[in-house]
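With the sequences and hints as input, model every part of the structure.
Heads up: the protein sequence lines correspond to chains A and B, in order.
Counting in my numbering, the first sequence runs from 77 upward without gaps.
Counting in my numbering, the second sequence runs from 328 upward without gaps.
Worth flagging that the hints you see were computed from the coordinates, not collected in a lab.
Positions of the beta carbon are idealized from the N, C-alpha and C atoms, including for glycine.
Careful: at least some of the hints might be erroneous.
[As the list claims (entries may be wrong)] Simulated pairs of lysine-lysine, DSBU-like, Cα-Cα distance not exceeding 30 Å:
{"hint": "1", "chain 1": "B", "residue 1": "347", "chain 2": "A", "residue 2": "186"}
{"hint": "2", "chain 1": "B", "residue 1": "347", "chain 2": "A", "residue 2": "86"}
{"hint": "3", "chain 1": "A", "residue 1": "229", "chain 2": "A", "residue 2": "186"}
{"hint": "4", "chain 1": "A", "residue 1": "210", "chain 2": "A", "residue 2": "188"}
{"hint": "5", "chain 1": "B", "residue 1": "347", "chain 2": "A", "residue 2": "134"}
{"hint": "6", "chain 1": "A", "residue 1": "210", "chain 2": "A", "residue 2": "134"}
{"hint": "7", "chain 1": "B", "residue 1": "529", "chain 2": "A", "residue 2": "146"}
{"hint": "8", "chain 1": "B", "residue 1": "529", "chain 2": "A", "residue 2": "229"}
[Stated by the list, open to error] From the structure, some residues in chain B lie toward chain A, with a derived Cβ separation under 7 Å:
{"hint": "9", "residue": "330"}
{"hint": "10", "residue": "332"}
{"hint": "11", "residue": "333"}
{"hint": "12", "residue": "334"}
{"hint": "13", "residue": "336"}
{"hint": "14", "residue": "337"}
{"hint": "15", "residue": "339"}
{"hint": "16", "residue": "340"}
{"hint": "17", "residue": "342"}
{"hint": "18", "residue": "347"}
{"hint": "19", "residue": "350"}
{"hint": "20", "residue": "353"}
{"hint": "21", "residue": "354"}
{"hint": "22", "residue": "357"}
{"hint": "23", "residue": "358"}
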Amino acid sequence: MKVENQQFLKLYQNYADMVYRICFSFLKNPADTEDAVQNTFLRLLQAAPDFQGAEHEKAWLIVTASNLCKDSLRHWWRKKEPLETHEDQAPFPPPDIDATLQALLQLPEKYKLPLYLFYYEGYSSAEISQIIHKPASTIRTHLQKGRQLLRTKLGGDFFEE
Amino acid sequence: MKNNRIITAWDNVNPSPEAKERMLQNILASQSTAASRKKSPPLKYRRALILAGSFCVLCLLCFPFLKYWSSGDTSTGTAYGPGSSLESFQEAGACEAEETIEEVFDPDPDAGAWEGESEPLPGREAQEGEGLLSGKPEEILLSRSKGLTAYFRDTLEPQENADAWKALSYNKTEGCSSCSESPKISYSDSTAIIRGTVTSLKSFEIRREDGSLFPSFGTVMTILVSHPIRGDTEAGDAITVVLPHAAYQQLDTGRTFTAPNPLLSALLEGREGIFLLDSAASQKEETENTTLYWQDLGEYVLYSPESLFLQGETELLYSEEQLPELSPEASLEEVEQFLKVSP
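Set out below in structure tokens:
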């Protein structure tokens, strides 16, 4: 099943928000996040992967978005173009960052994606392991460490609700 | 399993309808540009071959004289090949536009360029004190740099992200995984490697002298050398190191920039580490009207996050993804071993 125009628009409508959240969790500002979302969907159009089903589409977008964001972070050191440079060209209103989101954004990269997929998208650790190609035990460890860090920041009863 | 507080927090992070539409239009525009590029017919082989051949012949003709131009030496006419001379070259009339060629063949091998630099927006002038970093600016004297002004911003607070590092604990690994036989990290002959303690961190902001919007941010850190591993420093030296990026992360506003690599947020006063440093003396960044000599800001430059190994509260803080051979449990001594250098 190749990606056709109509299918692309459907994928974009269905998953743009999810890709945006994943990219924001890595890049932490709206301007870079928009760039990363565009690159992810552009990659989808150019690669035209042969998807096996809806879950495959979603997993492909999750992995591609996170990989593109990691690549972008690797090149940050020499990048000298702050967000202000573009602020007159396009409005990038910041999202409401509450204490929970701030704590989530401050987590090390390797914990963020598993926590997002587990607690927001509702994937199991086994499914996350298949999506991001890491052993399930590693995913469980990352979830556990991520939870510990969130408890430290947000209070001991954070996951008791 | 879902968590309501996490769901509520992430529900706030959504692109606006305008942003979604804008992104979609950009994607489709990029895609159509790429498609039209693919459709454009390639140059005819024969024509391309003739062009390439002509270029090669031109290069071969001009090559012996390039040495002369790039060195700027006019005293010896025979410096660029037996039997040739400046006069005979000029008589031959080849490559008349010496000035143009001088521009192309910049004699300074260190010449660089700003990356990610962009032109100021029309009608957008920088305001006094405007910048992402707050506080009263303290001007830095840039003795060699041209067309730029720089200010220290010393009120930037260490961000709480540093606490996340303190609470971190990594997966345990067996054996001395830090003692890799083939470290992936590379450095040049001139790279200095030192072990020392960060004693101060100061953020700075650079702008174009004409006031146009060109903010660039960085940090000057002072390190007290405890153990020189490589290079000319000595124990007890206090050296200044420029990081071409602000060290602290700010998450709370829309005007925020971020230091996406959390390693930078772990740079705190009093933290010990091993640092791979390039001498600032040979480093400069140039644009059409500006030149920034890093030496104006510090003695060394630390460009890459792979050049930073910090001793955290419980473990080593380093660029984990780029250096998987190294374990977070490694000590600074093991890092030294990893870098394959003799104390």
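List in ascending order the numbers of the hints, as given earlier, that are violated by the structure. none
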